[in-house]
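Trainee: Spelled out from the first residue to the last, the chains are:
Protein chains: 2
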Amino acid sequence: MVKIGLLGMGTIGSGVADLLKRNGSLVSKKINIDLVLERVMDRDLSRMRTFGLPEDSITGDPDRVLEDPDIKVVIELIGGLEPARSFVIKALENDKYVVTANKDLMATHGEELLAVARRKKLNVFYEASVGGGIPLIRPLKESLIADRINRLIGIVNGTTNYIFTRMALDQLSLEDALSQAQELGFAEADPSNDIEGRDAAYKLVILAGLAFDSIIEPGRVYLQGISGVTYEDIAYAREIGYVIKLLAIGEKLPEGLALRVHPTLVARDHPLAVVSDEFNAIFIEGDSVGEVMFYGPGAGAKPTATAVLADVVEAARCIKHQCNNDLAEGYFQKTSFVSINDLTSRFYMRFLADDRPGVFAALANAFGDEQVSLDMVIQKKRIGSTAEIVLVTHKVKEEAFQKAFEKIMDLPAIKPKPSMIRLLD
Amino acid sequence: MVKIGLLGMGTIGSGVADLLKRNGSLVSKKINIDLVLERVMDRDLSRMRTFGLPEDSITGDPDRVLEDPDIKVVIELIGGLEPARSFVIKALENDKYVVTANKDLMATHGEELLAVARRKKLNVFYEASVGGGIPLIRPLKESLIADRINRLIGIVNGTTNYIFTRMALDQLSLEDALSQAQELGFAEADPSNDIEGRDAAYKLVILAGLAFDSIIEPGRVYLQGISGVTYEDIAYAREIGYVIKLLAIGEKLPEGLALRVHPTLVARDHPLAVVSDEFNAIFIEGDSVGEVMFYGPGAGAKPTATAVLADVVEAARCIKHQCNNDLAEGYFQKTSFVSINDLTSRFYMRFLADDRPGVFAALANAFGDEQVSLDMVIQKKRIGSTAEIVLVTHKVKEEAFQKAFEKIMDLPAIKPKPSMIRLLD
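Protein chains in written order, with the numbering used here: chain A, 1 to 425; chain B, 1 to 425.
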């Protein structure tokens, strides 16, 4: 028998308790180990009473979980950095395996927590921290262990993917799509972590660490949020054969790792292009395996609970067989990083400009000066005396492009806030 | 150190040896266990010499692998049922873990082999038997262990998927697309196992066993091959918003499991619709996880070798920690099965008929008599005195549909060999 303690009875915590109630005995039979939810901690006791947990198994005191020697697995679902970090360390120090869905924690303190776990011959499992119910961490750690991964491209934020999908299908502005997402529970009241790409960056740190066997700090990820993307951009993208997605991209280049989160034009026939609404997908390019993709619900209590319980099963097996699953993270190496300025991309831009002679020449000169060559030029709409110009460059180094782009923004004929979106190779 | 023996140095065997040479030391470092390819058996010694293996590690005698007490993991890549089955049993009896890519063997004798493994406290790992390099077996066994899976839909045969893709994109007949596939190595000289759906059925047996915790014999799978599908069907399907795929479908119904392999109309916006060329994908619907999909290369030496090596790593960890990975298959139950006749589907049909009065009435009567109602009727092409009629039914029980369909085929005005393809709900 393995006794489990659960910290945090919010949406996901309730989902885990519910899934254990529904399928716990089936799982126990399959693995031949009884899984027992021994104690649940939440500051809000009434929430747990509503859920029908027996009075002696609920508590507001984390130490009744962290210091109970009978509890061998602690599920951390309180979120955030502190006190989650201290609770996880205390659980490990008290000889408990830890299962967490906390991406902020694993992206920020993963190295520290996994080092404590290694010293204690235990482990921290975090399948639920990325991609909700989609199996990702385990396939990266185990199934692809023999391959060298060159690139990882993820749609890992359901909120922004939902927003882009609704903008495209319902011809909505970003603001209207966001309101709709908030009404349906796909976006939080304060959506800035999603909109600005920080949520995706945390997830990229976790996935890229495993894909490239590397120690990565969140600050290494270049970030561009989605707020500059308009419905017009989505419509133009469709016209030239692309959809717009917020991508988290990790690449192994000869000079080091390049990590970035930004809205991206994805060719319509790419497997990631059809990932719609709140769904997530992670596309992996390996030396030997070629291209594989994992697709599914990136959030939600029920899907995420399946990932949490799969990790509990792994922990229970480790306890039964007295063998910690010592794959992957122990081998993580320090690495070098490549700045976004040194990457090469194609760029889509949409400008509004005064429709007068010489504007196009000024644009062309700014690009020409920086050796930025254009692949595509569309000018067909005119609003009063304002012309709408859409340009797509050939491949060009980021630094050269940005110089040209800045020059263009300084042109008096160009209106403020042009769109700038990179293309996926 | 874990010493490995390899049986069968064909395409995949060479891929495994090559991957071990390239990445073996990296993998060994990651798992802290040295993996050593100790001996390779093939009837064709020259093939192994070409590969540069040292003379004392190659042999034509399987017992030099199966009876060597130093070898702890045997990789079976000779394919087919015998002598593969006997070799695997002998390896297990001689206390060796087994890794195999042999779908015929696992679909036909999996229960027997896994029972021997359980008795010996060993295991047989078979990630490479389905979906080449796509992680499937392990996610089913481990990541989704806490969920109840209701349906599994797979594009698991790369040859037929390549053929359908080329038919659609290059407007080819099935015969021409098959020839092209053979030239490019995506189809064998005798493609009947692929074309008639037997290859997909074997893979479905393996996947459905894991998804539904059930003991399944290959004879339980209803089979319809792809040879009746024409370019015209693909074009009509596109016109009404569908693509045609050979699907392997396993469903858990209240009365039991329904297993079938047949060409299927898949709605264009379903994630499986964009799986093109030789790629495979498996779409899973779970009670809690909702919809997840795994996508990647379904065959090929390099991708498949990554799956084989991942299993070798699992075996090596079992050996190091003296714990067999006793998940899943030990819990497999006997189950009941639902005949295709009792399933309910929508059906697409394309008839060529004499273009004369009364034909349509006769068709309508045949359907009406069996309570088959029509959702869609297209008649727009006429070749001489022959009319082409495309029909799509509403949902109807297979048995009623087949009765009506037989009546229609008996009508003198209907030309032989009409098309009949089920739709995916």
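It is possible that some hints are incorrect.
Just so you know, same-sequence chains aren't split out, so a pair can sit in one copy or run between any two.
Stated by the list, open to error - Pairs of lysine to any residue, SDA-like flavour, derived with a Cα cap of 20 Å:
| hint | residue 1 | residue 2 |
| --- | --- | --- |
| 1 | LYS90 | THR386 |
| 2 | LYS417 | ASP63 |
| 3 | LYS121 | LYS320 |
| 4 | LYS121 | ASN150 |
| 5 | LYS320 | LEU352 |
| 6 | LYS141 | CYS323 |
| 7 | LYS141 | ARG43 |
| 8 | LYS120 | ARG268 |
| 9 | LYS29 | ALA115 |
| 10 | LYS380 | ARG148 |
None of these hints come from the bench; they were simulated from the model.
Model, not experiment: these values are computed from the prediction.
Trainee: Please go over all the hints and tell whether each is borne out by the structure.
Mentor: Taking the hints in turn, this is what the structure says about them:
no., hint, in the structure
1, LYS90 to THR386, "neither (62 Å within a copy, 80 Å between copies)"
2, LYS417 to ASP63, "neither (52 Å within a copy, 73 Å between copies)"
3, LYS121 to LYS320, "both (14 Å within a copy, 15 Å between copies)"
4, LYS121 to ASN150, "neither (31 Å within a copy, 38 Å between copies)"
5, LYS320 to LEU352, "neither (65 Å within a copy, 65 Å between copies)"
6, LYS141 to CYS323, "both (16 Å within a copy, 19 Å between copies)"
7, LYS141 to ARG43, "neither (35 Å within a copy, 36 Å between copies)"
8, LYS120 to ARG268, "neither (48 Å within a copy, 51 Å between copies)"
9, LYS29 to ALA115, "between (33 Å within a copy, 17 Å between copies)"
10, LYS380 to ARG148, "neither (46 Å within a copy, 54 Å between copies)"
The earlier numbered hints that this structure contradicts are 1, 2, 4, 5, 7, 8 and 10.
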